[in-house]
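As they're listed, the protein sequences go chains A and B. This note's numbering puts the first residue of the first sequence at 1, with every later residue one more than the last. This note's numbering puts the first residue of the second sequence at 1, with every later residue one more than the last.
These are computed hints drawn from the structure, not numbers from a lab. These numbers were taken from a predicted model, which means no experiment stands behind them. Errors might be hidden in some of the hints.
Here are some chain B residues the structure puts well away from chain A; computed CB gaps all over 10 Å [what the hints assert, rightly or not]:
id : residue
1  : TYR56
2  : ILE58
3  : LYS59
4  : ILE63
5  : PHE67
6  : THR73
7  : LEU77
8  : PHE89
9  : HIS97
10 : ILE110
11 : SER111
12 : THR114
Computed spacing ranges between beta-carbons, pair by pair [said to hold, decoys possible]:
id : chain 1 : residue 1 : chain 2 : residue 2 : range
13 : B       : VAL103    : A       : PHE66     : 41 to 51 Å
14 : B       : ILE71     : A       : ILE88     : 30 to 40 Å
15 : B       : GLY74     : A       : GLU3      : 56 to 66 Å
Virtual Cβ for every residue (Gly too), placed ideally from N, Cα, C.
Here are the chains, one letter per residue:
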Amino acid sequence: MNEIANYFIAFFILAGAFLSMAATLGVIRLPDVYTRNHAASKAATLGVMSILFGTFLYFYFLEGHFNSRLILGIAFVFMTSPVAGHLISRAAYHTGVEMTDRSVHDALKNAKHMTASKDTE
Amino acid sequence: MRTHNNVILETMIRLVLFIIILFSVYIFFAGHYYPGGGFIGGLMTAGAIVLMLIAYDIKTVSIILPFNYRIMTGIGLLFAIGTSAGAIFFNVPFLTHAFGHIVLPVLGDISLHTATLFDLGVYLVVVGVTMTIIQTIGEDE
Numbered sequence: 001m002n003e004i005a006n007y008f009i010a011f012f013i014l015a016g017a018f019l020s021m022a023a024t025l026g027v028i029r030l031p032d033v034y035t036r037n038h039a040a041s042k043a044a045t046l047g048v049m050s051i052l053f054g055t056f057l058y059f060y061f062l063e064g065h066f067n068s069r070l071i072l073g074i075a076f077v078f079m080t081s082p083v084a085g086h087l088i089s090r091a092a093y094h095t096g097v098e099m100t101d102r103s104v105h106d107a108l109k110n111a112k113h114m115t116a117s118k119d120t121e
Numbered sequence: 001m002r003t004h005n006n007v008i009l010e011t012m013i014r015l016v017l018f019i020i021i022l023f024s025v026y027i028f029f030a031g032h033y034y035p036g037g038g039f040i041g042g043l044m045t046a047g048a049i050v051l052m053l054i055a056y057d058i059k060t061v062s063i064i065l066p067f068n069y070r071i072m073t074g075i076g077l078l079f080a081i082g083t084s085a086g087a088i089f090f091n092v093p094f095l096t097h098a099f100g101h102i103v104l105p106v107l108g109d110i111s112l113h114t115a116t117l118f119d120l121g122v123y124l125v126v127v128g129v130t131m132t133i134i135q136t137i138g139e140d141e
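Pulled out of the complex, with its shape left as it was, chain A reads as follows:
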């Protein structure tokens, strides 16, 4: 039982560390705010969640301790991190941060002009 648990724990923690590293590389490599935010909020969320889940499995199987705070932390990160990413992207868009040259379509352009004219009224 503990041997199988060890493999699961190692898998989740290593997968989480790898995903966090992928998020970091994405933040370094990608061209503009929106794509960087995409990499950071998605990959880092899953990475943190898998590390927390691996920690939970470690304490549950090897120490016999059900740590509900880790479950709560997983749920909390899962709920809040995408919202944080959304708000950062939204703030960047509303303050007029340019998209990269390679992007072809801006579906929010009309809505942005509408809110801008509403603000000046």
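Please arrange chain B on chain A, whose structure you already have, making use of the hints.
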């Protein structure tokens, strides 16, 4: 007055607020046997209220939570001094606390300690002071 459309943030804060308040209460009560206590519990409660201030404006939050945080600080200090000075009436030195196991009908054997009431004072002072600072800075009129 808010005019921007902030549905995602407001809905998420409505959900997350309960978790944060619950966790702060847990941290407060776990303080005797585990890491935690009045200070960090109070800070976390104040953080939840600040989250509400981010989503809504200061008037809405004062309608939802009609507390005067200065009075809350005072009540917390009264709790602290009351539990400390209560020891004098039992002929023991100031700040001596009492401890005992009590068997309640539903909850079973629970350990009650007057230091929890002292901690409640710390909790109220921390919430009161933090919210006073933030509301004083936040109100710009």
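The hints, checked one at a time:
1. TYR56: holds (15 Å)
2. ILE58: It holds; B/ILE58 is separated from chain A by about 20 Å at its closest Cβ, greater than 10 Å.
3. LYS59: Given a closest Cβ separation of 21 Å, the condition holds.
4. ILE63: holds (24 Å)
5. PHE67: At roughly 25 Å from the nearest Cβ of chain A, B/PHE67 sits farther out than 10 Å, so the non-interface label holds.
6. THR73: holds (29 Å)
7. LEU77: B/LEU77 clear of chain A: closest Cβ-Cβ about 31 Å, beyond 10 Å.
8. PHE89: holds (40 Å)
9. HIS97: holds (28 Å)
10. ILE110: holds (20 Å)
11. SER111: With a cut-off of 10 Å, B/SER111 remains clear of chain A, as the shortest Cβ separation is near 21 Å.
12. THR114: Consistent with the label, B/THR114 stays out of reach of chain A, its closest Cβ about 27 Å off (over 10 Å).
13. B/VAL103 to A/PHE66: 41 to 51 Å: Between B/VAL103 and A/PHE66, where Cβ atoms are some 26 Å apart, the hint is violated.
14. B/ILE71 to A/ILE88: 30 to 40 Å: With a Cβ separation near 38 Å, B/ILE71 and A/ILE88 satisfy 30 to 40 Å, so the hint holds.
15. B/GLY74 to A/GLU3: 56 to 66 Å: holds (59 Å)
Figure legend: structure checked against the earlier numbered hints; the only hint not met is number 13.
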